[in-house]
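**Q** Given next are the chains, with one letter for each unit.
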Amino acid sequence: MSSTIQPETILRELAELWISLGKDTQPGPTSGVLRACTMTLVAMAEESEDPSNVWAVMAALMPEHPSRAIVIRFRQSAERELSSRVFSQCWMPFGQRRQICCEQIEITASDASLPDLPAVIVPLAVSDLPVILWCRGSRLARLPDFPLLARVAHKLIVDSAVFDDPAGILNWLERSSSSGQVLGDLAWTRLTRWRELVAQIFENRSYLARLSAIDEIRIGYGGTAVPVSAYYLAAWLLDSLEKAGAKARIQMESIPDAPGGTLARLELAGTQSDAMKLVINVSGDAERQCADLEVDALSNRTVFPADNDYSLLREELSITGRDPVYAKTLEWAARLANGGNL
Amino acid sequence: MSLENPFQDPLRFERRIPECAVVIFGANGDLTKRKLLPALYRLAYERRLSPGFAVVGISRTPMSDDQFREKMCASVSRYLEDSPFDKEVWSGFAQSLFYMSGDMSDAATFSGLAARLREIESSRHTGGNVLFYLSTQPSQYATAARGLGAAGLVKGSGWRRIVVEKPFGHDLASARELSEQLHEVFRESDVYRIDHYLGKETVQNILAFRFGNGIFEPLWNRRYVNSVQITAAESIGVEGRGSYYQEAGALRDMIQNHLLQIMATIAMEPSATFQPDAVRDERAKLLRSVRILKPSEVMENSVSGQYGPARIGGQDVPGFRQEPNVDPEARTDTYAAVTFFVENWRWAGVPFYIRTGKRLPKRVTEIAIQFNSAPHAVFGENGDGTTPNLLILRIQPEEGISLRFLSKRPGAGMNLRPVSMDFNYGSSFGERSPTAYETLLLDAMIGDATLYTRQDMVEASWSAVEPVIEVWNEQKSGFPNYPAGTWGPKAADDMLARHGHAWRKP
Chain W
309 MSSTIQPETI LRELAELWIS LGKDTQPGPT SGVLRACTMT LVAMAEESED PSNVWAVMAA
369 LMPEHPSRAI VIRFRQSAER ELSSRVFSQC WMPFGQRRQI CCEQIEITAS DASLPDLPAV
429 IVPLAVSDLP VILWCRGSRL ARLPDFPLLA RVAHKLIVDS AVFDDPAGIL NWLERSSSSG
489 QVLGDLAWTR LTRWRELVAQ IFENRSYLAR LSAIDEIRIG YGGTAVPVSA YYLAAWLLDS
549 LEKAGAKARI QMESIPDAPG GTLARLELAG TQSDAMKLVI NVSGDAERQC ADLEVDALSN
609 RTVFPADNDY SLLREELSIT GRDPVYAKTL EWAARLANGG NL
Chain V
698 MSLENPFQDP LRFERRIPEC AVVIFGANGD LTKRKLLPAL YRLAYERRLS PGFAVVGISR
758 TPMSDDQFRE KMCASVSRYL EDSPFDKEVW SGFAQSLFYM SGDMSDAATF SGLAARLREI
818 ESSRHTGGNV LFYLSTQPSQ YATAARGLGA AGLVKGSGWR RIVVEKPFGH DLASARELSE
878 QLHEVFRESD VYRIDHYLGK ETVQNILAFR FGNGIFEPLW NRRYVNSVQI TAAESIGVEG
938 RGSYYQEAGA LRDMIQNHLL QIMATIAMEP SATFQPDAVR DERAKLLRSV RILKPSEVME
998 NSVSGQYGPA RIGGQDVPGF RQEPNVDPEA RTDTYAAVTF FVENWRWAGV PFYIRTGKRL
1058 PKRVTEIAIQ FNSAPHAVFG ENGDGTTPNL LILRIQPEEG ISLRFLSKRP GAGMNLRPVS
1118 MDFNYGSSFG ERSPTAYETL LLDAMIGDAT LYTRQDMVEA SWSAVEPVIE VWNEQKSGFP
1178 NYPAGTWGPK AADDMLARHG HAWRKP
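First to last, the protein sequences are chains W and V.
Residues 309 to 650 (our numbering) make up the first sequence, in order.
Residues 698 to 1203 (our numbering) make up the second sequence, in order.
Take the hints with a grain of salt, since some may be wrong.
[What the hints assert, rightly or not] Per the computed footprint, the stretches of chain V lying under chain W, defined by three or more beta-carbons under 8 Å from a beta-carbon of chain W, are:
no.	stretch
1	702-708
2	781-794
3	820-829
4	1004-1010
These aren't lab readings, by the way, just hints derived from the structure by calculation.
Using N, Cα and C, we set each Cβ at its ideal position, and we do this for glycine too.
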């Protein structure tokens, strides 16, 4: 591995790549390749991880979020080492008329060389477009110089579900958010389906009118430890109920047989006699989950869409600015996870 | 205390449908099976429907709720577009489907419906909101509306709206009569005249493209636009709709409604807001600005055609008059092309060429905006250096936008060639676009009439096409005048040639 990489060299290689792609196409008025770009998407991954997994996610995202994609693979080493390679991904969407191509850069770096990376990423970022940093591992986010790289990004995306200390990660995220960092957390993104279902029920005015009588929230999760997602869900519900003038008590319980770290059940109820009762039970795996919904005597069943890195990132990349609902929820979730009163 | 839903998160959540019941008249018909139920199922699949949502199907065929569910299950799984059929979702959705048989001329049908709706409102909490969808013969619209009115179904604890399918009359007088009949019972604001073309993503994207981008609108006028072509071509014939089609014809079936609405969307002034009536006011104003052709101007500005038999791809294709249920002497136009002019400051003198036809070489709907050539050919006649810029808005089959501009051909010398910059909906956003019926049903249930046609728009477009129909009726047809599989009669090419233009071959 060479010890340094030059951004100018990478940019030159990219330019050559475009020329060679153009030469490969048939001549004609609609020939050539079309470069599409809406952002610079930087993914941080462990070198031990199969790179094809990361690239598969990046590739799937390209049609909807065409970007200059940079994958940085980190090796646990105290030596300062950096190397790179450049390639492209193209697809032919218009009945074989024209290829759309996106640029892909793979950088291999040692942990020790992390401080050198901002100076590489900044010139490689496509001008006037946002830089999104997706950090795939808890170890990488804990590297001492990680904030140097995070500062380069307009938005930082993590998955707090992979961290083993919910209170710790929520505190860290809350501090970052308070200091102005735009954040996305895939653990929060996973909740969109749950939240949408709850919101949809209260689109009905007769249920909405009874919302203020809800004073109990029960959240069921898999595994022994309360997952970050349960704190998020509780925080969001409390915040939303408060807007409706309701104050509820939170109860979290482990559900036997539910996969560890996942949410399995939500119950909203009230102690008054006319209070409504809403229960959502979710079963299945990450690829396909069924949600059984009961609102008083009415029941319904729906299917949650696939829950994977691609679908979660797809949603997060659609929001490049600050998400006020998430920011408020994060603040409350951090307090909940630390045993605070709301 | 505010009655806003505190759980809503517009940054992440899709638009949702409030609790309501949809009553479909003509529930055993083709439109229900092919379009309406698949669209409603898709909305359920996307988790857009409220848990208490309900559908009540009505037709003359006796059936139980379960038989109706089974029938619709078969239709939805067959006609669902670009989307998987999920049995789990269906089982939940099927519980919201109800059926009752009845004749619309019988008052008991409507009193029975009233009772059924009360029952559903109480069990499924639909809030008294009802959308009536007339998927029936147009001749039954007035009967249905009166029946609903007489049974007191137009008033209730929630909103009541009615959706009607085209044709909205067969001429200006009958369109007015139909509106009057509907208005006996429903307010105009509760009448939703559906034009499925307006529900297509690209048609909606025209508004985003024009009014969301600062760079195009300054060019959107007579100073820079040379001409506009709107093409809606179908490669198929009348496909079993011969008896209906021979009464309607291409001008009535396509241009009077879909294509004039598209033209209005292309040419309208920006509205002050994106509120439904603000947008519809501008669209209506544009339609009222269309020059009404004098009888003496009709023949030079319009062409009718009818396809004759031909051999396409090794197969014999019948002419229109040889189609089943078609009069062998039919004078129906299966092709229509009209040059419209818009009489306002923005568009004065710019021809809008609209054509539509059956049995044309391919299925394509697109709008092509041709800009004026550069005022001075600085590069001479090298290569294709005189080709004007063209903006193409593709509506089907591939929804997207292309901009053609000139670029230097690589190498020595200054030779230019046209290149095309393409934006494709399907590939650029990577996700399935909702069908027009999904969009429009959702809008009607939400109460957003932006993409629906208003009475004044219907009347203005009839006023624009009626003189053409009248002159054509008086002329000898000379049909058939184009073989199936071609781009229509030669007279249509001549019509453009008189203005120094030529039809695009999309």
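**Q** Does each hint hold? Answer for all of them.
**A** Against the structure, the hints:
1. Counting residues of the stretch 702-708 of chain V whose CB falls under 8 Å from any CB of chain W gives 6; the rule of at least 3 is met.
2. Residues of the stretch 781-794 of chain V lying with their CB closer than 8 Å to a CB of chain W number 6, which satisfies the three-residue condition for coverage.
3. As drawn, the stretch 820-829 of chain V meets chain W at 4 residues by the rule of a beta-carbon pair under 8 Å; at three or more, the given contact holds.
4. A count of 0 residues in the stretch 1004-1010 of chain V with a Cβ less than 8 Å from any Cβ of chain W is obtained; the coverage claim is therefore unmet, three being the minimum.
In this structure, only the earlier hint numbered 4 is contradicted, and the remaining ones agree with it.
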